[in-house]
Amino acid sequence: MFRLFYTPDWFNGLDLVFDTVSLFIALLIAAYSWRLYRIHQENKYGYFSFAFILIGLAFAAKMVMAGLLYYAPLRNAATAVLIPVVGKAATGINYSQLFFRTGFFVSMVTMLGAWLLLFFVSQKKEGRLKRYYEVSQIALFVYLLLLISIVSNFKYQVFYLTSSVILGMTVLNYYKNFLNTDRNRNAWRVMLAFLLFLFANFAFIFVFIFPGLYVLGEIFMVAGFLVLLKTYAQIQQGKMKLFASQNPKKRDPVRDSVRDRVDSVNRKPVKHKVPFPKPRKMVAN
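Numbering (the numbering used here), first residue to last: -16 to 268.
For the record, the hints were derived by calculation from the structure and aren't laboratory data. The beta carbon of each residue, even a glycine, is placed where N, CA and C say it ideally should be. Watch out, some of these pointers could steer you wrong.
No more than 30 angstroms apart at the CA atoms, straight line, and that leaves these computed lysine-lysine pairs for DSS-like [claimed, not checked]:
(1) LYS213 - LYS159
(2) LYS213 - LYS27
(3) LYS27 - LYS138
Here are the computed distance ranges between Cβ atoms for each label pair [to be verified]:
(4) GLN24 - PRO56: 45 to 55 angstroms
(5) LYS213 - LEU162: 17 to 27 angstroms
(6) GLY195 - THR164: 30 to 40 angstroms
When you get a sec, could you build the whole thing from the sequences and use the hints?
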């Protein structure tokens, strides 16, 4: 069976738990970003949402491939499904390797695309990805990402080296943002999250020397997503409060009249005490 690299046997299956947590957090951040985009109509939130959807797809593809490698029942089920589709292997064609290489290719190209998109967003330039010459460059970047992902199927270090370069530049951009925002705490946390992603990729590069680094890389990756989720939740909460203060709810006469009627029904009646007239004194003539 085709494998990118060998991991510690005792960790096989546990890495799926780490990847599941990362996948769930990535989708949550994508949902947060999309909600902010719908409210503020700022493109950067839309790009953030799309980038983390790509990260979710990357983790999903990686988990499928890892699950098939670790568990024979899943592998047998996949074989039973795919054989009627592709037929028997022709001479010189190994459909098993082709299937696994395709899965890892999807995981790599979506992850690299997400990192690159997040790098563009981190540049903090007005009108980013709106000018024609910038958008036209995307075609070149897509070609390079596809080429790198194909090569990485034969030499996995190329994928993690490329990811490290992109993440390193992203960390520098967020460090500048941290300094420009008077050392804002949320800006620091965002930079820390991407720094943890960078450490994770560094660890993955040298798995061929010491397989235990794979465990360290998974821990760094999950920690980065947890920090980013906490930061993004706080940013969203602050943005929602600001939006609510700037856009107070308009009065709805129908809603208000119904609410007034309900309040009048539920209101306890006030009992007014009627004073009894004082008895008149009888005066004798």
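Taking the hints in turn, this is what the structure says about them:
Using a Cα cut-off of 30 angstroms, the hinted pair LYS213 and LYS159 holds, with the two alpha carbons roughly 21 angstroms apart. The hinted pair formed by LYS213 and LYS27 meets the criterion: a straight-line CA distance of about 19 angstroms does not exceed 30 angstroms. Simply put, LYS27 and LYS138 have alpha-carbon atoms about 33 angstroms apart, too far for the 30 angstroms limit, and the pair is violated. Here the CB-CB span from GLN24 to PRO56 is close to 48 angstroms, well matched to the stated 45 to 55 angstroms.
Hint check: LYS213 to LEU162, Cβ distance near 22 angstroms, so the stated range 17 to 27 angstroms holds. For GLY195 and THR164, the hinted distance range of 30 to 40 angstroms is satisfied, since their beta carbons lie about 38 angstroms from each other.
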